[in-house]
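Chains as they are written, first to last, in the numbering used here: chain S, 566 to 947; chain V, 566 to 947; chain B, 566 to 947; chain H, 566 to 947.
Derived from the structure by calculation, the hints contain no laboratory data.
There could be a bad hint or two in this list.
Since the list can't tell identical chains apart, any single copy or any two copies may satisfy a pair.
Here are the simulated BS3-like pairs of lysine-lysine, each with C-alpha atoms no more than 27 Å apart in a straight line [said to hold, decoys possible]:
{"hint": "1", "residue 1": "Lys874", "residue 2": "Lys863"}
{"hint": "2", "residue 1": "Lys753", "residue 2": "Lys802"}
{"hint": "3", "residue 1": "Lys863", "residue 2": "Lys576"}
{"hint": "4", "residue 1": "Lys874", "residue 2": "Lys615"}
{"hint": "5", "residue 1": "Lys753", "residue 2": "Lys863"}
{"hint": "6", "residue 1": "Lys802", "residue 2": "Lys658"}
{"hint": "7", "residue 1": "Lys821", "residue 2": "Lys753"}
There are 4 protein chains.
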Amino acid sequence: MNPLEEALAIKDRIVEWRRDFHMHPELKYEEERTSGIVEEHLREWGYRVKRVGTGLIADIGDGERTIALRADMDALPIQEENEVPYRSRIPGKMHACGHDAHTAMLLGAASIISDHIDEFHGRVRLIFQPAEEGGNGAVRMIEGGALHGVDAIFGLHVWADLPSGIIGIRDGPLLAGAGIFRGRIIGKGGHGASPHQTVDPIPVAAETVLALQTIVSRNVPPIETGVVSVTSINAGKAFNVIPVEVEMKGTVRFFKDEIGALIRRRMEEIFDGITRAHGASYELSIEELTPPTVNDPKMSAFARRVAEKYNLRYGDVEPTMGAEDFAFYLQRVPGAFLTLGIYNEEKGIIYPHHHPRFDVDEDVLPIGTAMEVALAREFLRG
Amino acid sequence: MNPLEEALAIKDRIVEWRRDFHMHPELKYEEERTSGIVEEHLREWGYRVKRVGTGLIADIGDGERTIALRADMDALPIQEENEVPYRSRIPGKMHACGHDAHTAMLLGAASIISDHIDEFHGRVRLIFQPAEEGGNGAVRMIEGGALHGVDAIFGLHVWADLPSGIIGIRDGPLLAGAGIFRGRIIGKGGHGASPHQTVDPIPVAAETVLALQTIVSRNVPPIETGVVSVTSINAGKAFNVIPVEVEMKGTVRFFKDEIGALIRRRMEEIFDGITRAHGASYELSIEELTPPTVNDPKMSAFARRVAEKYNLRYGDVEPTMGAEDFAFYLQRVPGAFLTLGIYNEEKGIIYPHHHPRFDVDEDVLPIGTAMEVALAREFLRG
Amino acid sequence: MNPLEEALAIKDRIVEWRRDFHMHPELKYEEERTSGIVEEHLREWGYRVKRVGTGLIADIGDGERTIALRADMDALPIQEENEVPYRSRIPGKMHACGHDAHTAMLLGAASIISDHIDEFHGRVRLIFQPAEEGGNGAVRMIEGGALHGVDAIFGLHVWADLPSGIIGIRDGPLLAGAGIFRGRIIGKGGHGASPHQTVDPIPVAAETVLALQTIVSRNVPPIETGVVSVTSINAGKAFNVIPVEVEMKGTVRFFKDEIGALIRRRMEEIFDGITRAHGASYELSIEELTPPTVNDPKMSAFARRVAEKYNLRYGDVEPTMGAEDFAFYLQRVPGAFLTLGIYNEEKGIIYPHHHPRFDVDEDVLPIGTAMEVALAREFLRG
Amino acid sequence: MNPLEEALAIKDRIVEWRRDFHMHPELKYEEERTSGIVEEHLREWGYRVKRVGTGLIADIGDGERTIALRADMDALPIQEENEVPYRSRIPGKMHACGHDAHTAMLLGAASIISDHIDEFHGRVRLIFQPAEEGGNGAVRMIEGGALHGVDAIFGLHVWADLPSGIIGIRDGPLLAGAGIFRGRIIGKGGHGASPHQTVDPIPVAAETVLALQTIVSRNVPPIETGVVSVTSINAGKAFNVIPVEVEMKGTVRFFKDEIGALIRRRMEEIFDGITRAHGASYELSIEELTPPTVNDPKMSAFARRVAEKYNLRYGDVEPTMGAEDFAFYLQRVPGAFLTLGIYNEEKGIIYPHHHPRFDVDEDVLPIGTAMEVALAREFLRG
């Protein structure tokens with residue numbers, strides 16, 4: 566069995582699925598229709614399916630080893646601006662990150678694997694998860710048992726920064742860890758003409774914003790990566806009333822957990838020290854949403870060998886500061902998150918992820934399916 | 566005629582007027598009821614009355630010289646918290662700055678002057694103005710002719726920072742000049758994880774806020790007075806979107822016009838330089854609302870002599886950073902703005918102006934009336 | 566006896582003394598020659614003289630009350646640039662603040678008082694002190710008993726900001742309180758390419774400098790006066806070594822002790838908080854050199870009456886941020902520090918104090934002498 | 566011929582050379598003794614030697630292709646603290662960065678290559694350069710013709726961050742580009758009590774230091790590397806004199822030239838904007854000392870194959886922010902800069918480069934020699 570030939574043979578079905586999902590986007594944790602369609606096919610093809618909310622854990626085959634393949638199914642609250650026949654039919658919702666393609670490709674792989682199950686010497690687990698976009702659906706799937714007995718896991722993401730058809734494989738950190746924070750600098754309000762009777766929180770917040778810059782400029786090692794962005798600062802409404810407090814929000818990014826911890830510690834120290842300096846107080850909550858997505862070098866090396874063996878074009882891919890909840894799987898099980906290039910100027914597929922004109926070069930879909938089939942086959946070869 | 570005896574003789578009426586006004590507060594430029602009552606009395610007492618909106622210009626007597634006396638009539642959008650029989654009957658409105666007392670005292674003076682008009686060797690002009698609170702009603706009155714032919718002007722303000730019954734008289738600046746500003750720091754928005762693709766306006770605004778501190782700490786001469794308060798700073802709502810711009814508001818205060826000009830020039834330079842430093846741009850509008858209220862030393866000396874002569878207790882009074890539109894009259898005509906102490910611990914009259922429990926020690930009302938009558942009588946004595 | 570007539574009669578001698586002192590300037594605590602000449606005259610005229618180092622305490626007359634008059638004798642380490650016959654003969658030293666005139670005027674007064682001692686109904690004490698310039702000679706004189714039994718004290722300073730011949734008299738603060746500080750921000754040094762292995766003290770010092778600006782801009786009441794100047798900041802020498810620490814120096818100024826205390830407290834809080842925010846530590850010493858020079862309003866009123874009575878021209882004088890150790894006398898005994906205008910464009914006497922071309926309009930010398938004589942005579946009149 | 570066997574056979578000589586150089590360290594551009602010894606050997610072994618100052622360009626063999634191997638010879642102005650028989654005999658000078666080992670290893674390679682010249686099918690060029698430490702000796706050598714006709718170049722640096730004996734090989738940037746800057750913020754000096762009469766350059770410098778932090782925190786892309794360190798800030802000496810100017814020094818680091826250019830542009834904009842904001846002016850000179858040391862991926866891949874073939878242990882090595890003038894060779898000719906691990910806890914060889922107790926595990930010397938021989942042999946194999 567040649568995975569790419571098999572995938573090309575069912576390309577029309579994969580494209581059809583993708584377009585159907587694209588026309589019917591569903592936001593995080595609302596993936597009823599999508600998961601219903603997927604489940605129906607999987608059961609038909611002999612998969613043992615377990616539901617976890619709107620997510621699915623589907624097993625086929627048996628043996629000592631288990632490989633998991635994962636796709637995400639949720640769409641985004643974006644109004645599509647593409648003029649294509651398969652344009653989103655739901656106002657204000659759009660598959661602008663390619664999860665429609667991910668689901669369709671894995672569905673194609675499911676079909677091929679089912680057809681050739683005796684060539685897979687172990688168990689294949691497919692994870693169709695909800696809510697990758699801001700919902701950490703991966704965590705729910707893990708709680709639902711998605712990684713139980715799993716020896717390795719792979720995910721595949723269409724990638725606007727790679728030329729169409731290239732599989733991007735990277736060792737180590739690929740996507741950033743992300744946290745959000747909310748801070749309050751609490752002073753004492755009063756009249757704008759009498760600052761001495763207040764603890765004016767606005768200069769204190771200004772000093773805090775500037776002190777936060779030193780985390781990246783002075784504390785994060787230069788060869789490591791960190792981002793601290795204050796994205797929102799709000800205080801006061803009137804022209805002559807010094808407000809009681811300033812509210813700040815923002816995001817932090819990092820590729821290593823220890824850098825994330827360093828950033829959190831430094832933020833706490835800075836809020837503490839600067840407010841003390843001025844007789845103000847503070848509240849600060851920093852919530853880690855997603856850890857960094859870190860590929861196991863053995864697993865990315867394995868993926869390169871698989872691509873080599875099956876004549877699938879591959880290359881390196883740059884890390885980016887975006888975050889992915891696939892990171893949660895990789896915290897627990899060896900694996901790799903791969904990317905699949907879709908950038909195609911000729912076809913006008915040039916828009917970044919989350920853009921209202923984002924689209925996927927559908928010629929890559931069989932390549933993604935083939936890679937998934939090939940990874941499973943080789944991994945279970947032992 | 567002894568002004569204080571005359572005033573004490575009609576104390577009950579003055580108190581009654583004040584309480585009536587207190588129970589029926591009217592916000593700026595809505596002083597219909599108040600001005601209607603005042604006008605009715607003035608006409609009855611023989612004054613020649615001219616209406617300027619809800620304001621009144623009322624003349625009596627004739628001669629070479631004219632002295633103007635001014636009261637303001639507007640209330641504030643504050644919910645009264647005093648439990649007194651004359652408590653405000655209008656929810657959310659309150660005479661929390663004593664303009665009810667100012668109007669009542671001048672009405673008392675009007676009555677006495679009218680009764681003894683042959684002892685006044687010139688013309689007395691009474692100005693009952695609207696909208697002192699944030700409305701610059703004085704400017705409308707001046708435009709309406711209030712200062713036409715006027716040789717000197719006096720105003721009297723009840724004063725919570727002086728002991729009850731003392732007339733506070735100061736040479737030079739008594740109240741501050743005030744301006745408001747509105748600034749925008751305009752950068753380039755983007756994703757919080759990709760600051761390098763943005764011009765993040767938040768650190769630029771932080772630097773601007775701190776640079777603005779140096780106007781007072783470095784540029785205003787230490788023995789002069791200046792205030793620059795950023796009272797509002799607003800930018801962004803989301804956790805991971807760097808906003809396009811930061812909006813700032815605030816107030817400036819000063820006792821001399823050249824300090825006001827210095828502050829404005831420095832603000833412009835700071836917004837310009839700091840935004841240039843970061844490839845951002847800015848908008849800044851600084852509006853001077855009110856000039857400093859500066860007493861003519863000859864007029865304050867005159868007021869001291871009058872108080873001395875008529876056995877009215879007086880003393881010095883500290884300048885404050887508040888602003889008063891009486892300043893506009895003093896820009897054009899010599900005069901003085903006097904204060905009348907109302908602070909009385911025994912009576913529980915201890916709350917500052919604009920406080921929901923602000924009240925006036927009514928025993929001072931005849932003193933204010935007497936001082937006004939005396940100022941007019943002495944000034945017109947020639 | 567008319568003090569001004571008496572003084573004019575000995576004008577030549579006063580000028581001669583002043584020129585002699587001017588040609589032979591002596592720095593702080595080195596006033597051997599000057600005090601020697603003064604002492605010789607005083608003894609000759611019948612004064613009871615006590616030496617305190619290079620200072621002199623000289624009494625004459627007796628009675629229930631004692632008035633002290635003070636002059637300072639020290640010069641400055643400045644190279645004179647005036648081309649006058651009485652130019653300083655000591656290279657690098659100059660009477661650039663008028664203490665030569667102060668000494669000469671008081672010597673003139675001493676002579677007149679001695680001549681007419683029966684018109685002074687009490688004791689006159691003359692204090693000729695060393696080291697006003699940075700030496701707090703006043704403190705040594707006080708420790709030496711200069712204020713023992715003194716009921717009132719007056720000092721007189723020639724004043725470049727007043728027109729020649731005018732005596733400037735002010736109630737309350739005339740000269741500032743002054744302190745100096747020395748701060749160290751202690752981080753952890755290292756290589757400039759590896760900031761993450763250091764605690765870089767330079768950004769911490771930068772934040773501290775900016776936070777210090779908020780003391781004056783936010784904490785000192787706008788109608789009060791305060792100055793906090795970081796005048797020196799030093800750290801590091803190499804291009805690629807992050808230094809261990811930053812050293813800062815500076816001065817603070819204020820007109821009221823409570824403002825001085827506020828500044829000190831805020832400085833301590835700022836150094837503490839900002840260094841904590843960055844894991845650095847600090848040392849800060851703030852030394853109060855001189856308290857504010859605050860005139861007793863009764864004593865300045867007395868001085869005005871004296872000037873009025875003896876037809877000496879007087880007026881108001883603006884406070885300045887300079888400091889004077891006369892403040893130490895005024896902390897302990899009622900009194901006033903008066904100024905004597907010397908500004909005279911026609912004569913080219915236009916340079917500020919401490920300028921290499923500073924000079925004194927010698928026509929004012931008898932006026933100063935006369936005022937001193939008159940103060941003593943009137944004070945002792947009872 | 567087996568390079569490692571050959572190298573082990575002459576290990577004693579290599580160690581002897583290294584110890585001799587170690588005992589006689591010479592600072593940059595003073596490498597007379599060292600280069601003399603090297604030259605003598607090279608001539609003896611048949612090399613065609615050209616002198617460039619204290620540097621040597623030595624060729625052997627002939628053919629279509631030329632490979633260059635480079636060692637640096639200079640020592641550091643550091644006082645050695647090791648207690649070893651071969652301790653530096655020159656007070657205040659020390660081979661604290663291993664250039665003694667580099668020279669000895671390449672001399673060993675020279676000897677082996679000479680012995681087996683017929684196995685090298687092309688020309689081998691050895692570059693013994695002066696002044697790697699802060700002298701950019703590489704530039705002089707290039708100007709002297711060192712790269713004329715060279716097809717590839719390799720350098721080898723002993724490396725305290727790698728376990729002893731491992732050859733560290735990296736694709737792309739290994740060492741940082743480095744620049745130094747010198748800035749002056751020029752205000753207007755004056756008395757510390759009169760800031761309003763000055764343009765106080767110290768708060769302006771403080772704002773500049775903080776604004777510079779935003780280059781790394783906001784402008785450099787998070788996945789790229791940049792350092793901007795202000796390492797020196799100096800202004801003022803007195804407690805009460807606001808100085809005219811602040812002088813700053815520092816270093817910048819980067820792995821890509823475009824990041825270096827970005828940093829320079831942003832620094833210029835920041836000095837310009839911040840000084841404009843305060844009516845100050847500035848001077849800023851930024852000098853690029855060394856470009857980033859960037860290995861050609863084909864050449865590092867070649868080095869890996871060579872190590873593999875000759876059974877020399879190799880691995881990856883982390884980039885560091887240090888700078889190396891080998892970068893100048895790599896700007897012009899393909900090549901790679903390799904590292905050779907020397908960290909050995911058992912032997913107490915644990916101190917970082919430039920430390921007074923830095924030392925080299927001499928057991929690695931034949932490995933370095935072997936790698937150099939092997940690189941030349943394989944490269945010239947064609």
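Okay, the hints, checked on the actual structure:
For the identical chains of this complex, Lys874 and Lys863 are neighbours both inside a copy (16 Å) and across copies (23 Å), given an alpha-carbon limit of 27 Å. Taking the closest pair of Cα atoms, Lys753 and Lys802 come within 27 Å of each other both inside a single copy (15 Å) and across two copies (23 Å). Taking the shortest alpha-carbon separations for Lys863 and Lys576, neither the intra-copy value of 31 Å nor the inter-copy value of 38 Å comes in at or below 27 Å. In this assembly of identical chains, Lys874 and Lys615 lie within 27 Å of each other by CA distance neither inside one copy nor across copies; the values are 33 Å within and 52 Å between.
Taking CA atoms no more than 27 Å apart as the test, Lys753 paired with Lys863 passes in neither setting, with 56 Å inside one copy and 40 Å between copies. With identical chains, the CA atoms of Lys802 and Lys658 are at most 27 Å apart between copies only, with a shortest distance of 21 Å across copies and 34 Å within one. For the homomeric pair Lys821 and Lys753, the shortest alpha-carbon distance between copies (25 Å) is at most 27 Å, but the shortest distance inside one copy (39 Å) is not.
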